[in-house]
Structure formats: structure tokens, C-alpha cells
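Undergrad: Spelled out from the first residue to the last, the chains are:
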Amino acid sequence: SQTIHQWPATLVQPVGSPLSLECTVEGTSNPNLYWYRQAAGRGLQLLFYSVGIGQISSEVPQNLSASRPQDRQFILSSKKLLLSDSGFYLCAWSPKFRNQPQHFGDGTRLSIL
Amino acid sequence: DQQVKQNSPSLSVQEGRISILNCDYTNSMFDYFLWYKKYPAEGPTFLISISSIKDKNEDGRFTVFLNKSAKHLSLHIVPSQPGDSAVYFCAARSGSARQLTFGSGTQLTVLP
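Line by line, the protein sequences give chains A and B. Everything in the first sequence is counted per my numbering, starting at 1 for the first residue and increasing by one. Everything in the second sequence is counted per my numbering, starting at 114 for the first residue and increasing by one.
Treat the hints with care, as some may be off.
[Unchecked claim] If you only want the chain B side, here are some residues facing chain A, beta carbon under 10 Å, derived:
(1) GLN115
(2) ARG130
(3) GLU155
(4) GLN212
(5) GLY218
[Unchecked claim] Stretch-level coverage of chain A by chain B, calculated; a stretch enters the list once three of its residues show a Cβ under 8 Å from a Cβ in chain B:
(6) 43–49
(7) 102–109
[Stated by the list, open to error] Computed list of lysine-lysine pairs in DSS-like fashion (alpha-carbon distance at most 25 Å, straight line):
(8) A:LYS96 x B:LYS167
(9) B:LYS184 x B:LYS118
(10) B:LYS150 x B:LYS118
(11) A:LYS96 x B:LYS150
(12) A:LYS96 x B:LYS151
Note that these hints are calculated values from the structure, not bench results. Quick reminder that beta carbons are idealized off the backbone N, C-alpha and C, glycines included.
Make a model of the complete structure from these sequences and hints.
TA: As C-alpha cells, then:
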């Protein structure tokens, strides 16, 4: 069966520091991969998605970037964190077929001080 | 602009009874709808989905109903169990869009 791993579960970082969140998927190949953010009191917002290695699409302009160095690895990064980057970050995967659900990891709670 | 709305932030139901969670949407381009369950400190877990060509989909204790004319979606859980207590999110997607648009969630509490 397929599983998705996301780490770390919680992270506290100072303003201006770099960020790297990692997500890996097991049990499937060539998945679509996604990064979402949930800010406090708001719904889930899609940040990035990827249909293949090195292929990244950004949904919103922001301070973050994403990379997909391997088929089942998706990384969310920042060179300098802002206070507004605080939130709950979720990685998800889905098969490439139409009308298939996205499956989420357990998320990373990021607090910027 | 909330395109997917869950107007009830919370719902309490007695064990064994039916739980009905509701969701309304405004975007007529949505053609695929999903329900997720979320426990604290975990990511959303996919429960059940329905495409716009259907009006009902059933999986065990979970049934999703879609009323396209009313732009309304509901999730029925029968019978409700204490382990069903969680936050339930409805979500929708249009065409080939990658983005899932989520509602704000409903906290379901099933009382023993």
C-alpha cells in the first residue's frame, strides 16, 4: 500500500533563517505531488504541485520554493523565513488518473519567531 | 470568496444514530467532490468521493449525496461510532485543476 511521510512534525525557526521540509511517498511511482499550507483560521491553500521530476508549478507568489529531485521526493524550501510563513504545511500525493483523491501526510507545524 | 462552505462548525450525535454533514458550493465548474476526516495532529484522511455524473456513492457506513441543482453535498454516516469523532472537510475540484478547494470543516462528536 502507499504511504506518505513528512518531517519534521513540528519546527520552530527564527525570522530570516532557511527552511527545508521533506516529503516522500512509498508504494507508488510517478505520482502527482502537492504542497499545501493552512494558515491560522483559514482553509488549505495549494502552494506547489509537481507532475514529474524537476517539474514544479507554483500556485501563489511567495517566499517559498519547491523541488522534486527524485520521483517520490518533494521538498519545500525557503532561503529566509518571514513571520507570515508560520502555519501548517501538508504534503499530498495523487495518482495521475482523472478523479483520484489526494492523500495527505501528517503535516508540519511551522512557527516563526 | 468561499467557494466551498460548511456552515456547521460542530455537530454532536448519539452513538448508533445517523450523522449528516453538509457542504454547499458556489462554483458550477466543480465536477469532483471529496470528504476527508482529520484527527488532531494528523493530516486529512480521504474518506469517500463522488463525481458530478453521479448523485450518490456508498462505501460501507459512509454515503455521499450530491445535489447539483442545489449545489449541495452531504455525508451520511450510519451507524455513527465514537471513533468517528473528528473534523470532517468537504473538498471540490474542477476539471483538470490541481487545486482542491476545501471547506472550513465540521467537528463531529459521537457520544457513547
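Undergrad: Tell me, in ascending order, the numbers of any earlier hints that this structure violates.
TA: 2
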